[in-house]
Amino acid sequence: MNLLVFLLLSVLKIAVVLVVFLSAVAYTVLLERKLVGRIQNRWGPSRVGPSGLLQPLADGAKLFLKEDLLPTGVYRPLYILAPIIALSCALISIAVVPYGARIAWHGVDMFQIADVNIGLLVILSVTSVGVYGIALAGWSSNNKYSLLGALRASAQVISYELALGLSLVGVVLRAGSLNLRSIVDSQAAHGLLSWNVFGGFQIVAFFVYLIAAFAETNRTPFDLPEAESELTAGYHTEYSSMKFAMFFMAEYGNMIMVGCVATLLFFGGWTSPFGSLLPAFGGIVVQAFLPVFWFVLKVFCFLFLYVWVRGTLPRFRYDQLMGFGWKFLLPVAIANILATSLWLALRTA
Amino acid sequence: MYLALFIVFGLLCIGGALNLLFRRHPIDCALSLIVVMTSLAVLYLLLGAEFLAAAQVIVYSGAIMVLFTFVIMLLNAGSEERTHGSAAAYAAGMPGIAAIAGLLAFLFLSQNGPAAKARLGDYEVSTGALSRVLFRDLLLPFEVTSVLILVAIVGAIALAGKEH
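In order, the protein sequence lines correspond to chains D and H.
Residues 8 to 356, numbered by this note's numbering, are exactly what the first sequence covers, in order.
Residues 155 to 318, numbered by this note's numbering, are exactly what the second sequence covers, in order.
Hints should not be assumed to be uniformly reliable.
Residues on chain D that point at chain H, a partial pick, calculated with CB under 10 Å [as the list claims (entries may be wrong)]:
(1) Ile120
(2) Leu131
(3) Gly172
(4) Val176
(5) Gly318
(6) Thr319
In case anyone wonders, no lab produced these hints; they're calculated from the structure.
Note that the Cβ used here is the ideal one computed from N, Cα and C, for glycine as well.
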């Protein structure tokens, strides 16, 4: 493989994926505002552009032009570092996500930035480091609301990370690999019927993953770290302008990553739900981009679900949150691992 | 390529360790330790131990160090005051470190087995191969270690719950 071609194509891939990811983040915010608006029987943003479609640009310009306040009491190095950690951890994981079928052009896989053997573990480790963004933001702000928000976030993320990791073990057992492409390939045989969530009988694991992921991303009903009625804004109370925007982007970026992981692990990734029932239509270009369409559609469904849940459910109380994570989700996840491995062992025996 | 990465992350590791020793504020020390742990993970990766590298980041940089920072934040620990250590520690400390470093270097350099001749990037240990060793050849030690950790957890809870 020519090194120059490899470098050029890789940079191209990274640029395209990053631009798409960041605009997806911006438009997820709009999606949330519109949908929550409709759920509450109002319109949501509707003035900027046709039916409010240019609202993310206006929001971005506003946040970018706002004064960047640096409160006097903060511990400056960590106060500045925290939003950078949060945002970069939200952006790194997309590098291992395959968003289309394996199609090589000049020997470079065009639908994944990096095909890593331990792709799933890379995503988990980047998420586990991402909590420092929140923890350090709360601590370095020198504000009691921020500190309480950060303490809540750290405790919540550590507790739910266990259930989250264990809920994925069933899928890994079935696929026999930690490589995200292999995991998707293991569910590709018969369309919808062979997806892990249906044909793989991982539906319990899927719901454990979904609940734990909602808690990991600090979203309703687990948004205690930024509960407005008790903590002002939680860990980002003291942040303004672009630093605040970075936390905001990190939160929505993490939501999209959760959608990507759920799609890859439980919903067959980029494969079509109709399997081979759908005849191969169009030319080679349509066939190359159809998997990307399925992938994006599935991730969009997850984002829709996120907003729907936010518009529907009230917030947990803190002791309920901890009790639910440790006493219910964790045992269920472990039971799922036991059941899956017994079933696999029986089938091979 | 491998060598460049090794040098960068090796230096980062040593720099983080020194920063950990010389900083006064506990949170700076905790953060330096995270840098050390994460650079170690990259060094493991260079040696082909990909699962170990990921586990290092998830368990040490992620879970354990989050608990460290959590406790520091919860206690709101301030900067430490500088104390005058004992004269014996000052006299024996530096020569002692030099002696240990020299001994370790001598031991590593005098190795002759296949591990000593391996170059960076020679090996790639798959997760499957690792688990075969762990759950077949070394099953008993692995399970005994797990039980040991379980006993430690039960002991910690028993000690913490004694007040009630």
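Against the structure, the hints come out as follows:
With 10 Å as the threshold, the beta carbon of Ile120 of chain D stays out of range of chain H, its nearest partner Cβ sitting at about 17 Å, so the hint is violated. The beta carbon of Leu131 of chain D comes within 6 Å of a beta carbon in chain H, closer than 10 Å, and the hint placing it at the interface holds. This hint holds: Gly172 of chain D has a C-beta 8 Å from the nearest C-beta of chain H, less than the 10 Å allowed. The restraint placing Val176 of chain D at the interface with chain H is violated, with a minimum CB-CB distance near 12 Å, outside the 10 Å limit.
Against a cut-off of 10 Å between C-beta atoms, the interface hint on Gly318 of chain D is violated, since the closest Cβ of chain H lies about 31 Å away. The restraint placing Thr319 of chain D at the interface with chain H is violated, with a minimum CB-CB distance near 31 Å, outside the 10 Å limit.
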